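Mind docking chain B on chain A? Use the hints.
Sequences listed follow chains A and B, in order. One point on numbering: in UniProt numbering, the residue at position 259 of the first sequence is 259, and numbering is uninterrupted. One point on numbering: in UniProt numbering, the residue at position 277 of the second sequence is 277, and numbering is uninterrupted.
Be careful, since some hints might not be right.
One copy or any two copies: either way a pair holds, since identical chains are not told apart in the list.
[To be verified] List time: in silico SDA-like cross-link candidates among lysine to any residue, alpha-carbon distance up to 25 Å: (1) K19 / L172; (2) K143 / K326; (3) K111 / E284; (4) K19 / D29; (5) K143 / A153; (6) K291 / Q38; (7) K143 / T117; (8) K143 / V83.
In case anyone wonders, no lab produced these hints; they're calculated from the structure. Predicted model only: the values in this text are computed from it and were never measured.
There are 2 protein chains.
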Amino acid sequence: MSGCCSSEPANALRAEFLKARIYDQVRCDLERIERALQRHLSSSVPLIEVVGRYIVNSGGKRLRPLLMILSARLCGYQGDQEVDLAVAFELLHAATLLHDDVVDNAEIRRKNPAANTIWGNPAVVLIGDYLYSQAIRTTVCYKDLRILEVFSATTSRIAEGEVLQLIHSDDLETDEAAYMEVITRKTADLMTAACQIGAIFAGAGPQEESALRDYGHHLGIAFQLTDDALDYVGSVGELGKPVGNDIQEGKATLPLIHALGRAEDGQRDLIRSAFLSEAPLEREQIEVIQKLVLDLGGVDYTFQKAAHHLDRARSNLGIFPESPAKSTLLDLADYVLCRRS
Amino acid sequence: MSGCCSSEPANALRAEFLKARIYDQVRCDLERIERALQRHLSSSVPLIEVVGRYIVNSGGKRLRPLLMILSARLCGYQGDQEVDLAVAFELLHAATLLHDDVVDNAEIRRKNPAANTIWGNPAVVLIGDYLYSQAIRTTVCYKDLRILEVFSATTSRIAEGEVLQLIHSDDLETDEAAYMEVITRKTADLMTAACQIGAIFAGAGPQEESALRDYGHHLGIAFQLTDDALDYVGSVGELGKPVGNDIQEGKATLPLIHALGRAEDGQRDLIRSAFLSEAPLEREQIEVIQKLVLDLGGVDYTFQKAAHHLDRARSNLGIFPESPAKSTLLDLADYVLCRRS
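In isolation and in its complexed conformation, chain A is listed as follows (with noise of 0.2 Å):
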């Protein structure tokens, strides 16, 4: 395996310092990324301002509005009027969460409760329409009409991608390339756009736009390979929801999918068996499955593959002069594979 991912406890040490590293550069920026958000989920209705609230403030690290407001400083904007663009960023990633939660019939999220099962489906799936909404006005106010065509394709993509992993769901053959399609749009195009639209907004040039595009989509790939992985290795406190929870679910993602490529008939059986359980798997079962997936290799594949996209990820920042929003957008891409929640 390559990178900081080498050693176990050199590994949570250098995630540590990554983490301490980006704060100090960060503070104030998510300071002002709470204030805003608070002010946007304001609502006659307060119903929605509770289940709002609560959604946002389960835990997110808010790296979407950041990747925006790191992408727009990267490209010489000096101002402070890029925060409700960049907050419009959480609105609609907490939007697609309530929603996750209703498809995926979620108990926890983030170590709490899922918003469904306070508040029930049709709040949190009208409550979700909301945010989404907010996230579009939001967005319409700054009248850009380039950032408006990059946001609102974001969101098609986005709703695409959702279909596309229902419609793979207990689908034990999803090959690689269908998974990949699969986070693409799920998790990259949103970081994709939140540092695009970062550089369109600073009014970079053509090759700024395209470079920071491209880190996004890396970054957003990177992340997206290192949650699946931490799901076969990773525990629940760090996690903030259940390990194993993705073969729980019927999610075949790249871990299992390349493990099951590399698996004798017995191994795939047992596997399978387990994947297309009706019943919820017992603990040990889910451990048994979890270390056939570590022996076949599956895990070391997908967090190689995450640190070859940050390796691109951080190869297109080459093009920008040194300064602190260059170096914490390369320790976002740092600590994403060292990361353990």
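Relative to chain A, chain B alone:
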């Protein structure tokens, strides 16, 4: 009762006559709308196309796109570039229908099985999101910031209205003001926006824009009032969904709210126990409540209120010179009160 609803047979005949006259005027536009709609439903994900076509082909009358087209024409627009913008209203409407079906756990929509009973809630939630995003994307293509402002503000208000309706479900304390707030947002606002955006698209002045906005608002209110009255007096064949649906689902609409206000204690108890019943109501129970609401004047009151709003809708068209578009918009206002489907 005022206007065309004074006698049942005369009313039915007049409805048929108006419908035929309206169709004569808009046949070409309806064909253009259909072609554009099918184009906008294309997706690289086949399931999206299937469910999208199912919901938009399930018997909608394309009232919202027609309102936009007729409003533009009333303000002097003579081109053919408005149809995609018109279709955005139908896409948004279809998205809300899909999410409504999930929220209401509906089994029937316009005489057909509701989409969620065929494809399940997860697919219907996500494909609703896709249609919603396509509506926004289509509107963005017109590169008109005022149109985008009105459209996106409307989507927020609709979402708030849907949440408000959910909050008031199973709530017999809902009063007329709360009810009016819900129907303004969940139904009237989209028609208001269709008419207003038609005016903006045509480059109309502020007076025309304001008149069309008010026309759409009052038409939309009257449309929902009539719908809610028909739920107490229509037949399954006419409405395409079970009558008595609202009381079955615990929706306190105006006929019931008004009747409750005039009911004696025994009658109120009867209504309350039916309304709050956990078990599905028998046909006979529904008929008892329907008769009670009718006898207490709830249906008449609701139709009268609709007639009043239609008068206001029509009066807003007074500033426009005579034209085929104006005649059709006036016919539509007449038709709303006579329609039985």
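Could you check the structure against the hints above and give me the numbers of any it violates, in ascending order?
Result: hints 1, 2, 6, 7 break, sorted rising.
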